[in-house]
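Novice: Sequence:
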Amino acid sequence: MSPTRITHLIGHSSWDGTAERTSEVFNPATGEVTGTLDLASKALVDEVVAKAAKAQKEWGDASIAKRTRVLFAFRQLLDERKEEIAKTITAEHGKTHPDAIGEINRGLEVVEFACGIGQILKGGYNENVSTRIDAYSILQPLGVVGVISPFNFPAMVPLWFVPVAIATGNAVVIKPSEKDPSAVNLIADLWREAGLPDGVMNVVHGDKEAVDALLENPTVKSISFVGSTPIAQYVYETGTRNGKRVQALGGAKNHMLVLPDADLDLAADAAVNAGYGAAGERCMAISVLLAVDTVADELIAKIKERTATLTTGEGMGDGVDMGPLVTAAHRDKVKGYIDAGEAEGATLVIDGREGEWTGGTKDGFFLLPTLFDGVKPEMSIYTDEIFGPVLSVVRVHSFDEGLQLINDNPFGNGVTIFTNDGGAARRFQHEVQVGMVGINVPIPTPMAYYSFGGWKNSLFGDTHAHGMEGVHFFTKTKAVTQRWLDPSHGGLNLGFPQND
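To get our numbering, take the position in the sequence shown, counting from 1, and add 5.
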């Protein structure tokens, strides 16, 4: 079967031009090339932005009632079509079908939050701030906003940003990952079906040229980005230098601290779920387990026992727990970290370079779960974001030592503690220098009405995704002071206005 052409979606229409450059899209379970992706030039990005700007003027003036109706219609369509979208995600990303359904359901929560935009966009009002003078604030859209989304959540991450941006009256130009681009096209088409005007939602596919075009185009007023820390920093610095608002969510090295009083069965389940789910390709994956040494041996034994029951294979297969990695290059990079960890002296408890998988082919990009013990903070498997199914156990002597390691780490995305001591948990959530904290919860991803984002090198910019921070990111506040003269008032006063 010849590869399918995947192209840009400009408003309600697929692009009918001829791309000067293309890239390949793979099925990670087989290594087969399934798609040929058109890569946008700077000129095309600028053309799409100009169309979005025209469409935004009408959409920004649309009533909140009309916007809400579109949001509710989109929500219904997304819920009805999530099976189709999930199958596309599995085919291009490799994650299991249930995991793909799960990410769409989490994205739906943001859509449902955005459906309440009328309540969210209410400004403030004060009567008689001075004599017969009233003051109020209103929230207005930015204009055209850019979104650059990663490969690991091809549906959920776009749904963190796009519904809130559209609900607040903006037009969107999104550049999805070139590794698994089709889900965004399917979602964009649902906006058309929901009644969104032509040009308000646009998809451009591409690489660095398209990214730079969005960062440099003066009509694009903001950039929302999720990806690795080096690229997040580049996006932040380039975008702000060009006068844009930027929220750039970067990498992570998420820790799980297990205290001696914890339920070790619960902790072992959580470590396996959070360490190996989606083959570790989650920015909220637990990649470091800090085990207090009195329980470390027992906990590692429980994790090893559970890991042995996992099935790795093609993501649509029955009973498959973990799919392949997204590309051959990424699989080889993760393998390189396993090689390095072994060479640096860590104890390889489970070697994911060995073993078999179900479904797919021998050319699939598979790597099985890997577990290291005796990891030291100076080892590369501890310092670097691996973004694969590699769990590193660091033994610590106490709560304080574990907390210090977490706070010393340059990343601050997510963290969790497992304990039955309420005092320890409360101190931990208060003192830990991380943006999202779990207590006996393996992956502390907040609900849509809170905001998602980390601290330190896991975030560049001041604003997190979705929730009220997301609403404020996609709007600008205007303060109005007004006076309507009483019919009996008259006369002139050329003096400087005074607040009475």
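No lab work stands behind these hints: they were computed from the structure. One or more of the hints may lead you astray.
Stated by the list, open to error - Keeping only pairs whose Cα atoms sit at most 30 Å apart, straight-line, the calculated DSS-like set for lysine-lysine is:
1. K381 x K127
2. K307 x K71
3. K338 x K461
4. K213 x K481
5. K62 x K483
6. K307 x K62
7. K338 x K92
8. K71 x K483
9. K127 x K62
10. K56 x K367
11. K307 x K213
12. K481 x K47
13. K367 x K340
14. K62 x K381
15. K226 x K62
16. K127 x K226
17. K309 x K59
18. K59 x K47
19. K307 x K226
20. K309 x K340
21. K56 x K213
22. K92 x K367
23. K56 x K340
24. K47 x K340
25. K127 x K483
26. K56 x K307
27. K481 x K59
28. K367 x K309
29. K213 x K483
30. K309 x K226
31. K461 x K226
32. K92 x K62
33. K47 x K62
34. K307 x K338
Novice: For a quick check of understanding: which of the numbered hints are violated here, in increasing order?
Specialist: 1, 2, 6, 10, 11, 14, 17, 19, 23, 24, 26, 29, 30 and 32
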